[in-house]
Each structure stands twice: as structure tokens, then as C-alpha cells.
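A.B. asks: The listed protein sequences derive, respectively, from chains A and B.
One rule links them: number in my numbering = place in the first sequence (from 1) + 62.
One rule links them: number in my numbering = place in the second sequence (from 1) + 77.
Rather than coming from a laboratory, the hints here were simulated on the basis of the structure.
Note that the coordinates shown come from a computational prediction; the quantities given were computed from them, not determined experimentally.
There may be inaccurate statements among the hints.
Label pairs and their in silico Cβ distance ranges [as the list claims (entries may be wrong)]:
1. H178(B) <-> A135(A): 22 to 28 Å
2. E184(A) <-> F103(B): 46 to 52 Å
3. R360(A) <-> D259(B): 46 to 52 Å
4. R362(B) <-> S84(A): 20 to 26 Å
5. D259(B) <-> R176(A): 24 to 30 Å
In the EDC-like style, the derived pairs of lysine to aspartate or glutamate whose C-alpha atoms are separated by at most 20 Å in a straight line are [unchecked claim]:
6. K177(A) <-> E162(A)
7. K270(B) <-> E216(A)
8. K270(B) <-> D259(B)
9. K270(B) <-> D117(A)
10. K326(B) <-> D187(B)
11. K270(B) <-> D132(A)
12. K270(B) <-> E278(A)
Built from N, CA and C at the ideal position, the CB exists for glycine as well.
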Amino acid sequence: MPLIVEDIAKRFGDHVALDGVSLQARQGEFLALLGPSGSGKTTLLRVLAGLERPDRGAVSFGGEDLLAMDARARRIGMVFQHYALFRHMSVAQNIAFGLEVRPAKARPKPSEIRKRVERLLELVQLQGLGGRYPAQLSGGQRQRVALARALAIEPRMLLLDEPFGALDARVRRDLRAWLRQIHDETGLTTIFVTHDQEEAMDLADRVAILRDGRLEQVDTPERIYEAPASAFVFGFVGEGVQLPGEVTDGVLSVAGWRSPAPAGTPPGAVTVSFRTESADMLPATADGLAARILTLSRRGGSSRVTCEIGGQTFTLQAPKSLIAPGVEVRLAPHAVIIHPK
Amino acid sequence: MSPALILAAPAGARRSWRKDSVLPGFPLALGVTLTWLCLIFLIPLSALILRPWELGPAGVWAVVTDPRVLAALRISFGAAALAALVNAGLGLLIAWVLVRHPFPGRRLVDALVDLPFALPTAVAGIALTAIYAPNGPLGRPLSELGVQVAYTPLGIILALIFVGLPFVVRTVQPVLEDLSQDVEEAALTLGAKPPQIAWRVVMPAIAPALLTGVGLAFARAAGEYGSVIFIAGNMPLRSEIAPLLIVIKLEQFDYAGAAAVGLAMLVLSFTGLLILNSLQAVLARRGRA
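Build the full structure now, drawing on both the sequences and the hints.
C.D. replies: This is the structure we're talking about:
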């Protein structure tokens, strides 16, 4: 484990940004930090970059104590949400900056710097644009320059702070695939901050979910989706139904529906969750959760249905037959996930 | 080509200097601007430009090359340039502290910066003279050290620093405020040392504004009269400024001679500002095209 984050805490005045976060990343791993705004994900990234000093905790990378080092000495590439390019420098000058500022001994020869800039421009698919200024580029191109600039110093780790947050949906999707490709080519340990669950689940080897400065779960995207560690994680990474329920004597009762509780469920008040796409809609005579259809909009072979269960409204897909507004149906989830309250 | 198109072409060409704009009011705005400029700028200035030639070219040349006039011009522009240079550093420092370091009483200091704008310049000049005169609270210890400020060119520079300072602070401050901190953080993660960040990242961003501020401070100082005459001592050839010389010539009813000195100042100021502005335009164009 080259990156080990231990019990990091940070507060800004009264606001607790990080409250004891511990986390590890393998060499070459692509880790996403996912959470709503204010969850502390950017603060954690800035602690790793050396732009923020934590109140307590430890960070080591490859056995080295990162917190004892200056941001300048860490050799960690950082890509900012708003590009943070040097406006008065050309694209090539931006990329070369990290090499140009090195002390004379460690600085590559000008011809070597030029060559490296060319290679990086090729890597980020901006050949021939080295002479342009940032203001002459589109948002997507600017962010690629920012990435090339971060890669120029041959960083030991790459940090990206919502790099696609300021771009439109289409460019975002393109850049996403391309970023993963760059990661696989360079083999760099990459930490990626986002509030977009789809982006995190698409890109990352593992996703760390933060909430109010605490880690909720660190796992592969599949596990996060299928076995969320908390009701919050379930709600954050996909559409689903969450209802209050109760477990007594191995029987789960939720919104008037009783079914055997999964083995080992402790008794008491619980939150019952299931994904809407893995629930069957059955006639009112069948066994299942009682639901009343409120509205529906037809789309191709199926309908998007808004229905009410136990006083809450949800939207889900259903076959065309059997449904019309006002009709009572039964919902039979394939699998329910139960979290104690 | 149809006749209509041929006819239409010259009309289009005639209007070509005027860019089409969706915003209304261009003819009115331009008209008011030109009228205003004529009334308060061009007519008085053309009087200034025309008046000296009553003396004939040789007469003008004689006035302008008079050793006393040359010395006064040198003192006015030399002191203004030095004061502007000092203000570049001092103003930058004050703007930096005001923007980047929230300290108690910052608002008060922020308001104090504008004081030289509001204070009658004569008041400032008298106050500076009282303090820096050889028997003043700061002048005495300084004169014991062998430095005389009041009644020397040094005093002139001091007064000009005072009147020029707000120009630099007020032009640089908003640009510094606008400069997002993540650019500096990016430079830091790329391995730049603080002096490298200041010189390579921050300075280029604020250079156009700094240059504008220095230009304004210089122009203001070159023409400054009120605050300087009290502290300068006004000794011909040594600490006599050009504006004072103009007043002296006026008092002697030498209107043409006064206008000749004024014309010389106008040419020098205009040249200086032109150079600074073109430099500023070049700097500002980089990265914005």
C-alpha cells in the first residue's frame, strides 16, 4: 500500500471538514472520493497535495511521511476544477513550468524540455496547439493542458479535484474515458474527487464515499452498488426506494407488508432499501408492498411510473400492461437491503 | 450581380468604420463625448499649443532651452519618475497586504490610502514640511544624520510619493483580488519556490495594472504643484519645479513664455504616457487574445 492515510482530521473554525478519515490506495490504483458538497472530499485531496495542514493524523506514501514534506517537495501532480492555468503563458510554457522552475542542477536541458512538452501534448491530444494561450482553448482543452502540466513533473501520484465539474455533459463523458486511458498508460496512483456518482462508479477501481467528514464505505463500484454499507450510501449511488421498517422475531414488516427477514438481521427499527429496477410490479392480489400509481409517462416498451408507497412517492420503470393512474398494485423486490436505524 | 447589390455596396463601405452593435445610443454617446472633450480638453489645450508661437520658433526654443527652465523640467520629471518608481514598490506592497493578509484595522488602512486624493495638496505639503523641516520631529534626527529632506529635491520626491501612492494601490488592488489562489497553489504543487511564484505567476498577472498605476502616479506627480512648493524650497536650478516656473512667468505677464514651458511639459508627459500605455497594452494582450 503506497498511500496510507490515517485518522486525518481538519476543522475550519466551527466547521468540521474531516473527522478521522483513514484510507489506503494501492500502487497504480484509481480511487474516487465521492460525496455531496461539504463532505470533506476536496479537503482530503488538498491535505494529500500539501495545500492544507491537517489538525491530526498521518499520511505516508511509499513509506515516506508526506506531512513532513512541503507541497513543493512532494512531487504530486494536481489538477484543479477551474484549470488554474497560467493565463499569460502559452500552452507549451504552462506544461514546461514545473521543469523550468527546478534548480539549475535538476533542470533538464532546454531541448529536453521541448521534447518532453511535445510528448505530453501528444499524450493529451493537443499536438500543434503549444503556441496557443489558455484563453484561446475550449474548457475541455484547457483541462487537458492542466493534466499535461501536472504530468510534466513526472509525479508520483496524481490528484484531480472535480476536473470535469465545469464542463458540459458530452465533453465530460469523452474526457472520462480518455482520463482512464491515460491512467492505465502511465500507471500512476490517481485520486479523483467528484460529486457525480456515475462518474465515480464508471472510472474508479474503488470508490470512497464521504459524508460530513467521515468515510462511509470504501469498495469497488459493484460492491458499493450491491452491498452499500449504509442507507446513505444506498441513496447516494443510485435510484431506489427507502422505507422505514421493523424487524421482530425474524419477520420484517414494512408499510404493511410482512416477509421473512434475511438471516442474521438484528431486531429493531431499520431502513429497508431496494433498487427500483429489481422489483416486479404485480397485480393487487399478489404478495408484495402495496403501491398506488399516481402518474405514468410512456416511453417505448415500458412506462415511467410515479407511485406512492407508505406515504412516499417513487419513480420506477414498469411494463405497460396492468397500470393506469389510481390503480393499486403490489411491488415485489428481488432483494432488500436492511440497515439498522 | 444585380443593380441593387452594386448600389448597396458603397453605402455599406461608407459605414464600415462603425461596427454594428445591438446596444443602442452610439450616435448620441459619441456626440456627447466629442462635445465634452472639445469644451474641457481640446479648446484649452489648443490655446496652450498655439500661444507660445507668438514668440516665433526661435523664441520658443530660447525659452525652453533656458538653463533655469531645463533644470525645472528635469526636476519635475526626474522627481516624478523616481516617486513613481518608489510608489510601484510601496503601492504593490500595500495592495498585497490589504488583499492577502486580513489584519485588524484593515478597513481603516484601506480608507487611509485614499486620503491623498481628498486632502488639499497644500495641506499635505505644509504638513510634510513641518515634519521634515530641520527643526521638525522627523527632520531634526535626519539632519543630525546629515540628511536634509525639506527644501531639497528629496523633499520634492517625498511629496510626490504622497500624492501618487493611491493610484498604484487602487489599480493593483482589484487585480490582486481577482487573482485566484489556485493558480499559485498549482505553481506550488509543480515545485515552484515562493519567489518564483511571485515573479513568474503573480507579477505577470498584475503587471499591466501596475504599469497603469505607475503611469497615473507619474503623470499626477509631474504636474503636481500644491504640495511641492511648500517643501521644495524653490531654489532656481536646484529645487524649483516646472509648474512653479509657469506661475512665476505668469506673474511677470510673460504669458507666451509660460505657455512655452507648459507646452514642453505637455509634450514630455504625453510621450511618457504613450510609452507606458503601449507597454501596458502589449502586456495586457498576452494571454487574452
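A.B. asks: Take the hints in turn and mark each one as holding or not.
C.D. replies: Checked hints:
1. As the Cβ distance of H178(B) to A135(A) is approximately 25 Å, the hint placing it in 22 to 28 Å holds.
2. Our hint of 46 to 52 Å for E184(A) and F103(B) holds, since their Cβ atoms are close to 48 Å apart.
3. At roughly 47 Å, the beta carbons of R360(A) and D259(B) sit within the given window of 46 to 52 Å.
4. Separated by about 51 Å at the C-beta atoms, R362(B) and S84(A) break the suggested range of 20 to 26 Å.
5. Between D259(B) and R176(A) the CB atoms are about 27 Å apart, so this pair conforms to the stated range of 24 to 30 Å.
6. Under the criterion of a C-alpha separation no larger than 20 Å, the hint pairing K177(A) with E162(A) is consistent with the structure, at around 13 Å.
7. In summary, the hint linking K270(B) to E216(A) is supported, as the alpha carbons are separated by about 18 Å, within the 20 Å threshold.
8. Of the pairs offered as hints, the one joining K270(B) and D259(B) holds, with about 15 Å between alpha carbons and a cut-off of 20 Å not exceeded.
9. Our distance criterion of 20 Å between C-alpha atoms is broken by K270(B) and D117(A), whose separation comes to about 25 Å.
10. Distance hint between K326(B) and D187(B) is unfulfilled; the C-alpha atoms sit about 40 Å from each other, more than 20 Å.
11. In summary, the hint linking K270(B) to D132(A) is supported, as the alpha carbons are separated by about 10 Å, within the 20 Å threshold.
12. Between K270(B) and E278(A) the CA atoms are separated by roughly 38 Å; this puts the pair beyond 20 Å, and the hint is violated.
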